[in-house]
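2 protein chains.
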Amino acid sequence: MLINGQAQDLLSVSDRGLQYGDGLFETLAVIDGVPALLDRHLQRLQAGCQRLKIDCPDIGLIKQEIALEAKAVVRGVLKVIITRGSGGRGYNPADAAQPSRIIYTAPWPEYPDNYRTEGVNLRLCRTRLGWNSQLAGIKHLNRLEQVLARAEWRETTISEGVILDTSGQVIEGTMSNIFAINGSEIATPKLDQCGVAGIMRGVVIEVAQSLGYQVSEQRISVAQLKQAEQLCCTNSIIGIWPIRRFEDVHYAVGRFDQQLLEGVMALGFSHEQAASR
Amino acid sequence: MLINGQAQDLLSVSDRGLQYGDGLFETLAVIDGVPALLDRHLQRLQAGCQRLKIDCPDIGLIKQEIALEAKAVVRGVLKVIITRGSGGRGYNPADAAQPSRIIYTAPWPEYPDNYRTEGVNLRLCRTRLGWNSQLAGIKHLNRLEQVLARAEWRETTISEGVILDTSGQVIEGTMSNIFAINGSEIATPKLDQCGVAGIMRGVVIEVAQSLGYQVSEQRISVAQLKQAEQLCCTNSIIGIWPIRRFEDVHYAVGRFDQQLLEGVMALGFSHEQAASR
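Note that the protein sequences, when read in sequence, are chains A and B.
Taking the numbering used here as reference, the numbering of the first sequence is continuous, increasing by one, and the terminal residue is 277.
Taking the numbering used here as reference, the numbering of the second sequence is continuous, increasing by one, and the terminal residue is 554.
There's no promise every hint is true.
Okay, derived cross-link-like pairs now, BS3-like style, lysine-lysine, Cα gap no bigger than 27 Å in a straight line [to be verified]:
#1 B/416 - A/139
#2 B/467 - B/356
#3 A/53 - B/416
#4 A/53 - A/63
#5 A/139 - B/330
#6 A/190 - A/226
Please keep in mind that the hints were generated in silico from the structure rather than gathered at the bench.
Remember, it's a predicted structure, so these values are computed and weren't measured experimentally.
Just need the whole structure built from these sequences, with the hints factored in.
In C-alpha cells:
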C-alpha cells in the first residue's frame, strides 16, 4: 500500500477522510497487471475533486503509483482514495494541508461464474438515498446509506439490493448501477440527486448504443423495474450481471443480450482495451 | 491519543471509518480535566451505535480512557470516535472485526468572548441536507454536507451558516443547532429526517422549560427565522451564542434572556454539574 508515495498502511487519525468522509475513491479491476478503464476512473476522480474543491494530486503521479501497485497483480482489485488531508478548523476545509493519496490492491472477490451466465437475485432495500445534487454522481467517502442498505440481508442467494431515493424512485444497487431492458430500449436511473455514476454504467451505455439500443437516463419506478423484460446490474468489478429474479418477479435470463454482455466485458476487462485507454 | 487503548495516532486504512464513514463521533468540552456533559454524550454515542448496528465498546472502558486523556487538560476539546473497525466485504458489514475506539484531546478553539455577549452573524447556506430518517439525529461520520456548507464562506465576520433540508425547511447550523425565540415560546427544528440532535440543544430545551418557556420541535421556515424576536445557536463547545444578524435581518441581542444564557452555560460547563453526571 502506498500513502502519499510511501509504503505504509496507517493514516493519521486527523485526516479528514476519517473525520468527515471528506474525500473520494475509485475501485478498479486489475487483470495481468493492467488496471481496467484507468483513464475513465481517473477522470471521475478528478471530477469528484473538483466538485468537493479538493486540489486533486497530479494524475501522472497517481498513474505511476497505480502502475507500481498493480504490476504484480494477476487478478485483483485496486483502490484509490483521495482525501482532503489533515487540517482545517472543524468542518471548515479552508486551511487543510495537502490532500492524501492512498493506493493499494486487494484480492479479487470470488463471485460464482454462473452469476454472469445465469443471473443473480435482487431484493428491494428499505434504506433510502437522501437527495443532494452536489454529491450526486461522484464516488465520495460518505457511504453509510450503502452500508445500511447492504446490512439488510445476509442470505447468500441474494446478490444485490435495489435502493430507492426518498421520493421512492429507483436509483441503483448497493454496489452497482441498474438497467431495465425492453425490446430495443434500455433505461437506467437518472443520477442528478443521488447515486453513483458508475464507470461500468458509462461503458454499458456506450456499448448498448453501438449495438443499436435506445438508451435513456430517466426516473424509474419499482413497478417499471418489475415490468421490464430484462434487468441487469453493473460495476467495475463484476462487469455486468443479468438479473434472474427481483423480489417476486422472474426474468428470462436466457434471452439476455449476449452481444451486450460480451461487448461490455470486452470493453471493460480486455487487456488491450484497458492498456490503450 | 488512544486508539483501542494504545497510545498512537495512526489508524489502519482498512478501517471502515475511513473507507465509508462507517462510525460515529462526539465532541466534548473539557474544563479543568472534567469532560462536560459526559454521560449525555455517551448516551448519544450508544444510541448512534444501536442505529448503525455497531457493537458499542464497553462504556466503562471508554470512560476510563476519556478520564486518562482529559485529566491534564485545563481547557480543551475531547473527541471520541467509534468506527465499525476493519473488515466486512465491501459495504457489507457482516464480518467486520472489532469496532475501533479513538479518544484524544485538541486545543480549545479561541472564539472571541463577545460572541456570547454581543452575538454573532449568521448566513444562509446554499448546500442542502438530504433526508434519511435512519441517519437523522445521530452524530455519524458522513459529514460532507457540513463540509460543503462551511466551505461556502470565508469572511471571519460570519460565524455560522443556516442549512436547510431539500424541502427548504431550516434544520441547523453547520456546527450548531438553532433556536428561535418569540416571547415565552421557543422553537427549534424537528430533526426526524436530517440534522444532528446536539447535546447542548437538549440542555437548552431543559433549561428553557425550567425557566417557563414553551419549547417545541417543529418545521421552521427561513421566513419564520427572520421574523423571530431573537435567535441563538448552540453546541457543546460554544455553549450558546445569541444571533446579532441573519442575512439582512438584525436582532435585539441586548434583550437576549440572560437567565437562559447563564443557565445553559452553568449546566453545560460548570465542573460540579459535569462531574456529577
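Quiz item: Are the Cα atoms of residue 53 of chain A and residue 416 of chain B separated by 27 Å or less?
Solution: holds, 24 Å
Quiz prompt | Given pair status - residue 356 of chain B, residue 467 of chain B, alpha carbons within 27 Å | solution = holds, 26 Å
Quiz item: residue 416 of chain B and residue 139 of chain A: Cα distance at most 27 Å?
Solution: holds, 22 Å
Quiz item: Do the alpha carbons of residue 53 of chain A and residue 63 of chain A lie within 27 Å of each other, as the hint requires?
Solution: holds, 21 Å
Quiz item: For the pair supplied as a hint, residue 139 of chain A and residue 330 of chain B, is the alpha-carbon distance within the 27 Å limit?
Solution: holds, 24 Å
Quiz item: Are the Cα positions of residue 190 of chain A and residue 226 of chain A separated by 27 Å at most?
Solution: With Cα atoms ~18 Å apart, residue 190 of chain A and residue 226 of chain A stay inside 27 Å; holds.
Going down the numbered hints, you'll see the structure goes against none, and every one checks out.
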